[in-house]
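Visitor: So you can see what is in the structure, the chains are spelled out below.
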Amino acid sequence: MTVTRAEICVTACADAWRGDGEILAAAMGTCSILGARLARATFEPGLLTTDGGPLLTAAPVPIGAPAGEVEGWMPFRDHLWLVLNGRRHVMMGASQIDRYGNSNISAVGDWHRPTSQLLGMRGAPGNTRCNPTSYWIPRHAPRVFVEKVDVVSGLGWDRGAHEIRRVVTDLAVLDFDTPDRRMRLRSLHPGVSVAEVVERTGFELVIPEDVPETRRPTGPELRVLRDVLDPGGLRDREVRS
Amino acid sequence: MGALMTVEEIVGSVESGMTLGIGGWGSRRKPMALVEALCASNVTDLTLVSYGGPDVGMLCAAGKVRRVVAPFVTLDSIPLEPHFRAARQNGTIEFTEYDEGMFMFGLYAAAHGLPFLPTPAGLGSDIVTYDPSLRTVRNPYGDEELLAVPPLKPDAALLHLNRADARGNGQYLGHDPYLDDLFAKAATNTYLSCERLVTAFDGPPQTLLVSRMHVTGVVEIPGGAGFTECLPDYPRDEARQKRYVEAAK
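Sequence lines, in order, name chains U and C.
Counting along the first sequence from 1, when you hit position 239 you're at 239 in this note's numbering, and nothing is skipped either side.
With positions in the second sequence counted from 1, the corresponding number in this note's numbering is that position plus 1000.
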């Protein structure tokens, strides 16, 4: 069975929540949302997931589908309190990210008069200060992986982050499992070379001597992803093979 | 007893230079009819306090805004709000940028007369870099430093709810109240538009989000959330929202 790049990405996102137990898996972006639901549907059944809105669904639901049976209510206000409570691991997006995991979703250029105004801080400062945080970057590029982010929305390891666990991209999985918490190449997706990742990263990554290949989804994982969670193949619109 | 007002009366009570709180969240249950009426008025120099969406964008485009206080401005299904972006990039507005949770604490503080609420959210980020007025407090029972979020206290708040009565009680029927009750409690005067005025409320009492004790005026405006979503009465009008974005180009 041929596995697509998007399917590798979804599985890699799912693996970020491995071992988290009974906490809210909060996700933004198609592959990240699918990853949370895939983890819950397979190896991490204790996770809580939403319908993309304020409902905690009784079971992981297909992307874009109605909630069906619900097991709880999580309106925005309670989401914001849960950030402080801590039983939450969020996977965010980032327009820029640096080697310690500082991220920017606020503005590009000088904050006082940006060349490109983005979303704003959103919940990134609180998320990164209080909860384990991972990132999903659908397009690994030097303009995203920068020496220095223009605005610090999400805190990195060097600015008091609670924990920046994982960065999953369309090319690779990265983590901060280094003595000084610099970003490290953890695994390469099948068919991707170290050189390609280096070329598309705007700072010097820590690269171990042997970089393993990102694991492929198991048969049951692939069936759940393809037949239940994303039968319409939305994942392939975010990451093309 | 009666809180019924016209749109003209509501907009007429908003004065230049005021701090205006706007309920809803992003492109969800925004009081767009009131916002549009405000855009057509001669009010200027507003400070907007909002989980921002097209409300912020339209008022920026109409030249009504001096400062925006917000954790984001987004159209949800379209991530970036074009008019807000233009205002920021052209330098025509000032911006106080908060974390979402910090912003909620600012409303909680104002709603309850507290001088601040402590939170770790925001510390370490560039929020504190770009707002030097922010202060920290030391935990008197421990040692850690926390951000002291000051009250976000609007002179007036504009909200849109699904149902209301003529006395000014407001009901939401969707799945998320957003922070509308906090805006109502935080503001000096709160004005409510609703999809439908009712004489008696259907549904569980916990859907009665806003109490008349916090409401100065109420008006019935079917479709008053504009193209933003107002569930269960109507979803976001994605086609209209898209036209709004394209017209901004």
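No wet-lab data here; the hints were simulated from the structure.
As the structure is a prediction and not an experimental result, all values here were calculated from the model.
The beta-carbon is built from N, C-alpha and C at its ideal position, and this holds for glycine as well.
Don't take every hint at face value.
[As the list claims (entries may be wrong)] Beta-carbon label-pair distances, calculated as ranges:
| id | chain 1 | residue 1 | chain 2 | residue 2 | range |
| --- | --- | --- | --- | --- | --- |
| 1 | U | Asp78 | C | Thr1006 | 34 to 40 Å |
| 2 | C | Thr1006 | U | His162 | 47 to 53 Å |
| 3 | C | Ala1040 | U | Gly86 | 42 to 48 Å |
Visitor: With reference to the structure, classify each hint as holding or not holding.
Guide: Verification of the hints:
1. Restraint check, Asp78(U) to Thr1006(C): a C-beta distance of roughly 36 Å satisfies the suggested window 34 to 40 Å.
2. Here the CB-CB span from Thr1006(C) to His162(U) is close to 50 Å, well matched to the stated 47 to 53 Å.
3. At roughly 47 Å, the beta carbons of Ala1040(C) and Gly86(U) sit within the given window of 42 to 48 Å.
Every hint from the earlier list agrees with this structure, and none is contradicted.
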